[in-house]
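S.K.: Model the placement of chain B on the given structure of chain A, informed by the hints.
Quick note, the sequences are listed as chains A and B, same order. With my numbering, the residue at position 298 of the first sequence is 298, and numbering never jumps. With my numbering, the residue at position 11 of the second sequence is 1011, and numbering never jumps.
No lab work stands behind these hints: they were computed from the structure. One or more hints might be untrue.
[Said to hold, decoys possible] Partial pick of chain B residues on the chain A-facing surface, computed with a CB cut under 8 angstroms:
| # | residue |
| --- | --- |
| 1 | 1034 |
| 2 | 1056 |
| 3 | 1081 |
[Said to hold, decoys possible] With a straight-line cut-off of 30 angstroms between C-alpha atoms, the simulated DSS-like cross-links for lysine-lysine are:
| # | chain 1 | residue 1 | chain 2 | residue 2 |
| --- | --- | --- | --- | --- |
| 4 | B | 1024 | A | 16 |
| 5 | A | 16 | B | 1071 |
| 6 | B | 1066 | A | 16 |
| 7 | B | 1089 | A | 16 |
| 8 | B | 1080 | A | 16 |
From a predicted model like this one, the values you see are computed outputs, not experimental measurements. Where is the CB? At the ideal position from N, CA and C, for every residue including glycine.
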Amino acid sequence: MFKRRRSADDFAEEIKSHFELEADELQSEGLSEEEARHRARVEFGNAQAAQERFYLRSRIVWFDNLLHDIKFAIRQLIRNPSFASVAIVTLALGIAANSTVFSWINSTLLDPIPGIAHTSDMITIMRGERSEHPTPPFSYLDFADLRDRTQTLSGLLAYHDDYMAITGSDKPERVYGTLASSNYFEVLGVRPILGQTLQSTAPNERLGTAEAVLSYGLWQKHFGADPSIIGKTVEINLHPYTIVGVAPEGFQGCKSGLQSDLWIPLGMESQVWGSDRIKYRDTLWLNVLGKLQPGVDHHQAEKELNILMQHIAEQFPDAHQGPNMISSDPLWRSPFGVNVYLSGTLPILLALALVLLLLACANVANLLLVHSVARRREFAIRLSMGASRRRLVLQLMVENVLIALAGGGLALLLTMWTAHGLSAFLPATTLPLSLNGSVDRTVLVATIMISLLTAVVSGVVPALRASSLSPVSALKDEALNSSAGIHKSRLAGALVVGQIALSLLLLVCAGLFVRSLQSEQSSDPGFDPNHVFLAYFDLRPVGYSRAQGIQFDRQMLVRLKSLPGVQSVTVGDFAPLSFSIRTDFIQPEGYVPRKNESMEVDRGVAGPEYLRTVRTALLAGRDFTDRDDAGAQPVSIVNKALADRYWQGQDALGKRLQVAGHWTTVVGVAANAKYRRLVYDAAPLVLIPMLQSYRTDQVLYVRVAGDPLSYASSVERTVHGLNSDLPLFNETTLAANMQLGNAFERIEAAFAGSFGLLALILAAIGVYGVVAYATKQRTHEIGIRIALGAGKQDIFRQVLGRGLRLAGFGVVLGLMISFALTRYLRGMLYGVGTADWLTFVIVAILLCVITLIACFVPARRAASVDPMQALRTE
Amino acid sequence: MPSQDNPDDRIALLQGTLDLLILKTLRLGSCHGQGIARSIQRQSEEVFFVDHGSLYLALQRLEDRKWISAKWGVSENNRKARFYSLTGKGRQQLVEKTSEWQRLTRAMGLILDGRPSSEEV
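If we strip away everything but chain A, and leave its shape as in the complex, we get (with noise of 0.2 angstroms):
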């Protein structure tokens, strides 16, 4: 139909052949030819409207209408650069402060685990408390049960993940390596590129088989992407593994924000670690994934499984003893990973930035009224040349859109760079970390999306304002029009008020975050951070047995205590604040566990010195000696909650503790300090002597006089005389280190100060533009005033009093609106309330000295009016 549409021209054709027959008719009934053609004419009518109104019906006339009104809005825009450019850059940081945060939750919360193929049907499982430092929940022989049983489960797999070593070279390269069940990949949808998976290990599950599949990174990487790996050996902690398979590239493993170098079969965790974990019911090691079957919801899943459970746990009660709840989660909020953490800011960090986006739009809707007025002629005379209302308020949406998909462009090019920001507020770690946003085709449709939304936000008040004024007025002397300038004024002060309001929501979270960051970083961590250098190693890697393991620390520590400014030196098994301590099950002399209650606490292997070297308070008792050895008796320190909440009111030195199935004697009490989070309270600790529990993997802690890192080589150097061979991984100081403990505060602390200050601008901005355009309307009133003897006072403080009025009536709102929203924000506050008066206060003042500024320079211009141009220009 529309390919045979007759063309316009041939129409015309059509009506000129009448022309020529009714001519000659008319001409054969006596006319002369000149009459003949004239009458034909006359008598056919408007020909002219005839061939439009063909026109206008057969083509598709929105889209002609559209394509002249992108033109036209092009040429309006190129025409006010200065307007364009403010309104879009204005929009660009609204909108990139969206897709910035949009990007990092589409790659962390949306996507949490990359590269496996069911993402919304695979379920976490949790047993026991949840916390957002769970330990792995299960143990092999208790997954095993469930694996089999399970009826709305598709697939149940598990995995523990931690270092290894690529040894065979001549220094072993740390990696971070996943024991996987023989189901893994098949559970997660997840093919190989290269070879196979772990499936034909599945026979030997327990026994292991000594198979690799590589990670495409670590292929890359160490491999040099050999097309033909499969078949040869990757020497994994000293033992020889046959590459079977690659995983595809994105693909990094079960845990969000972590990256697993390579995967072995579950089984082999005794050759790789020396633990026989597998064999025992009561080891809880393991992490648990489900696939739902289809039909099923996680829900259903969870009933049965904690029915199965139960009978696990009844059959074998003396395994069991903790809390054996199971609980199951969809991985966007998986207690496994650093999703647990995202979750929580990042949808705040998005709430935020979407009231900076409404500011941003409110100051481009200001510029749009504004704007409009000074079009007001080129309205009217459109309306009066008869284009409706409609197609002027669409012309002006056009308009509005190219702004918008202006800013959104800007935005994408920012986004861009700022989706790598993420990792900025992650310190150098040892942890796999691999979190960071990208702009892919979710971000870019969503950053699109939210610029459509913008134009319309920010564009339609003011397009429909500025086409309902009467052609007439607008055409006759603009100084007629002050009523209907009045009136939009009155808007626009609107819309100040607003944005004051959201600014100083904006400025009142930004406040909290910082104050709250602040107070975290004062508080005592328990522990004296400065001047301690810390370095990792692993000695297994390296072939010690534990024996001379143990003899290699007590060498150790003796030679870097002697190196000049070095005061004390210990090792432990973790770093304080960055997500490394571990946890055991206790059982306290004495006390009486209710039923199903956790035994789990916090663990730390420490050597000699350790609370003399961070300088942790010991309350009673002594420190870990070089003398705590395996020829002594066993003991342990614990700190002084763990003491409160076992032994309360008694004294804990000489009770007896066991840690793991081992009994200790507690020769110590520390003062509480903090292994995990500062947000976090203290929580109950036990150390336990690295000489006595013996660890290969290992954080080396020397306090020194002076800047820790100077001391770097001299500790290599140490360190490298007893094995040349060993290498120091994340060589750093214990402060630095601990700023993994608060990344996430500072992230939030750091967004929503920079989202607060663009506030605080944009605010400024908009109150300017409004004063200042109220005031030059206004030169004409001015002028009379000042020729009738006002005072340049009077006019400075009236146009001043002006902005100030907007800025009590939003400083006002915002109150009332921060109050009614800030404590949605109390999880995240640590050591300052949610309305926290200091922060009201300062933030509400500085709004109103901002306003009183950005009134300031319109109210001179206003006072240094000279009356007798202003009465003449108008």
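M.R.: Quick look at chain B alone, frame taken from chain A:
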């Protein structure tokens, strides 16, 4: 002088009637726009005034509906002209519209005069 001497005597065509008149005119054979206009005016004894612009748009509309078809040709006096002819669908429509119209005029006649009006279109 064959054309209208007193324009006030003419009646503007009712909405929708023009389509019917065009179809009726074309029943006798193919014709161009100017011919159709003349024919309608002549047959109505110069009472109907055909707005030519509307006529051509109506022709286009009928063509779009495939009630008539059009072809450029040459007139008797050797002028280039676009000739319209009825299609099968158009014939069917003519029958339907005619009976519809007759029912309408009959009803109007009954109301206005108390008797059916003459059955002629």
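S.K.: Please name the hints from earlier in the document that this structure breaks, with their numbers sorted from lowest to highest.
M.R.: none
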